[in-house]
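Let the hints inform the model, and build the full structure from the sequences given.
At position 248 of the sequence shown (counting the first as 1) the number is 248 in the UniProt record's numbering, and the numbers step up by one without a gap.
For the record, the hints were derived by calculation from the structure and aren't laboratory data.
Keep in mind that this is a model prediction, so the values were computed, not measured.
Idealized CB from N, CA, C, for every residue including glycine.
Please note: incorrect hints may appear among the correct ones.
What the hints assert, rightly or not - With a straight-line Cα cutoff of 25 Å, these simulated PhoX-like cross-link-like pairs (lysine-lysine) come out:
1. K359 - K297
2. K140 - K105
3. K359 - K347
4. K21 - K347
5. K310 - K347
6. K140 - K21
7. K105 - K380
8. K2 - K380
9. K21 - K359
Claimed, not checked - Pairwise CB distance ranges, derived in the manner of DEER restraints:
10. T137 - K310: 41 to 49 Å
11. T315 - S141: 36 to 44 Å
12. H17 - Q360: 22 to 30 Å
13. R350 - E311: 20 to 28 Å
14. S328 - D85: 40 to 48 Å
15. P296 - S378: 36 to 44 Å
16. K359 - E311: 18 to 26 Å
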Amino acid sequence: MKLRTFTWNVCGLDVEHLEAKDAERLDSILAQLTATDADVVCCGLVEVVDLDPGTVLRDSIKTDSVFRTRRVESWRVKCRNALGDAYTEITSGGLVGVALFVFAKPDTLVGVDVSTIATGSLGGALGNKGAVVMRMTPCKSTYFHVVHAHMASDLDQVAARNAEYAQIVNTRCVPEEHSALGDAIRGSRLWQLIGPVPSEGFGVLDADVVIWQGDLNYRLGDEGDAPPPPSPSFARRASVVAGAVVGGAAAVATGVGVAVVGVGAAVAGGAAVGAGATAGAEKLVAGGSPEKAATPKEDIWRDVVDAIEKEDWDTLRSRDQLIDAIDSGDAFEGFREADLAFPPTYKLIRNDEDALRYKQNRRPAWCDRVIWRGDAVSCKAYDCVPSALSDHAPVFADLAWDDVALPPRVAPDNRSAAQTSVPSAERQTSIARGDRSGLGAAGWFGEGGGFV
1 MKLRTFTWNV
11 CGLDVEHLEA
21 KDAERLDSIL
31 AQLTATDADV
41 VCCGLVEVVD
51 LDPGTVLRDS
61 IKTDSVFRTR
71 RVESWRVKCR
81 NALGDAYTEI
91 TSGGLVGVAL
101 FVFAKPDTLV
111 GVDVSTIATG
121 SLGGALGNKG
131 AVVMRMTPCK
141 STYFHVVHAH
151 MASDLDQVAA
161 RNAEYAQIVN
171 TRCVPEEHSA
181 LGDAIRGSRL
191 WQLIGPVPSE
201 GFGVLDADVV
211 IWQGDLNYRL
221 GDEGDAPPPP
231 SPSFARRASV
241 VAGAVVGGAA
251 AVATGVGVAV
261 VGVGAAVAGG
271 AAVGAGATAG
281 AEKLVAGGSP
291 EKAATPKEDI
301 WRDVVDAIEK
311 EDWDTLRSRD
321 QLIDAIDSGD
331 AFEGFREADL
341 AFPPTYKLIR
351 NDEDALRYKQ
361 NRRPAWCDRV
371 IWRGDAVSCK
381 AYDCVPSALS
391 DHAPVFADLA
401 WDDVALPPRV
411 APDNRSAAQT
421 SVPSAERQTS
431 IARGDRSGLG
441 AAGWFGEGGG
451 FV
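Below, the structure is given as structure tokens:
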């Protein structure tokens, strides 16, 4: 089996209203991402819509949202046209802003099951973060899984990302008919607590081969980084949850209003703190003119950019939070990744030259990844397409495995406890599907109050 898969955070790019030059750039990017002879091609997109509160609510509550349908449909057509007649469209799935399109050569797949797991705002009910999980059954071999995810952002939210991984792998995937609201609710933590426990379905890791990709949002850490503090937006997010519990959909809108006010206050407070820090960083030099001293944050940013310019990937890999999570067993136990030997894909300054220039004081990072689990899998290519059409560059991977070399699949009911159990660190940071013990801060917001 040969698989080409790519992930791209498109930052709300509206492909129907691009200027001619940008439309040509997009076609060129997609041509590079789909230049393959693989048996199956997975086209993964993140932030297909702008993730502002209004859009998230509209796409989650209005199941017939024209806005969401138009954006997703536009991207689906673009991917299909880029691949051409050699591939047949098999299926697609998604949450708010997350989309995965699957194409295959004829007589390659006999079936695909699609499920979604939401992990974002309102305990997952709004579907702004989460994963699309697809179980693909080839004609001549055992099935494999592809997980396309958008995980918690921000440098200090490692625990939140690890908890999201645990939530996803502990959630039973039940293929269902899709709607924006239905998918979001069925994958949410609220549904895990009060919804029925399904006896059918499949586990995310119940396959010999699992490919996990997307904007996983793991960043480049530094020894000087402060320990993650309790989430400063805990009260703001709690207000949204309280609004939903008390008054239903109308209260959700009220809760979001409170959230917006909270954001405004936080921005104002942040501006005041920033002004004070700037003033403190200035020093008088000869002649009395102020000169800004580099802050530790600026020094770290410069160190990372210098390493990128020197292509010192070893130094950058040593700082990578995802590599650390895998090595420590905190998340993605048993997963592997090809060497990261391309520039970090985030956060780019958009420009017409497609030069990978990074926004100052936003530490560059390999947010966009493709990793896999399965001993028989080999990676033939792993790279990014240099593009600044979005603030993320797209990443693609060519994976292959020999069907004959795969061990026979054991039916889930016959697996030993060791085969089916989830590592203790994962159990401790997630709510299992059958857990009815209560809400709790950890259940809604993740470890240490970090919102997931």
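Here is how each hint holds up against the structure:
1. Of the supplied pair hints, the one linking K359 and K297 holds, its CA atoms being roughly 13 Å apart against a limit of 25 Å.
2. Using a Cα cut-off of 25 Å, the hinted pair K140 and K105 holds, with the two alpha carbons roughly 14 Å apart.
3. A C-alpha spacing of about 6 Å is found between K359 and K347, which places the hinted pair at or below 25 Å, so the restraint holds.
4. As the CA atoms of K21 and K347 are separated by approximately 22 Å, the hinted pair is consistent with the 25 Å bound.
5. A C-alpha spacing of about 18 Å is found between K310 and K347, which places the hinted pair at or below 25 Å, so the restraint holds.
6. For a cut-off of 25 Å, the pair hint linking K140 to K21 is broken: about 44 Å separates their Cα positions.
7. Between K105 and K380, the direct Cα distance comes to roughly 19 Å. Compliance with the 25 Å bound is thereby established for this hinted pair.
8. The straight-line distance between the Cα atoms of K2 and K380 is roughly 10 Å, inside the 25 Å bound, and the hint therefore holds.
9. Distance check on the hinted pair: K21 and K359 sit about 23 Å apart at the alpha-carbon level, within 25 Å; holds.
10. Here the CB-CB span from T137 to K310 is close to 46 Å, well matched to the stated 41 to 49 Å.
11. At about 40 Å, the CB distance of T315 to S141 agrees with the hint of 36 to 44 Å.
12. Checked against the given bound of 22 to 30 Å, the beta carbons of H17 and Q360, roughly 29 Å apart, stay inside it.
13. Restraint check, R350 to E311: a C-beta distance of roughly 23 Å satisfies the suggested window 20 to 28 Å.
14. Taken as a hint, the range 40 to 48 Å holds for the pair S328 and D85, whose Cβ atoms sit roughly 47 Å apart.
15. The hinted range of 36 to 44 Å is satisfied by P296 and S378, whose Cβ atoms lie roughly 41 Å apart.
16. For K359 and E311, the hinted distance range of 18 to 26 Å is satisfied, since their beta carbons lie about 20 Å from each other.
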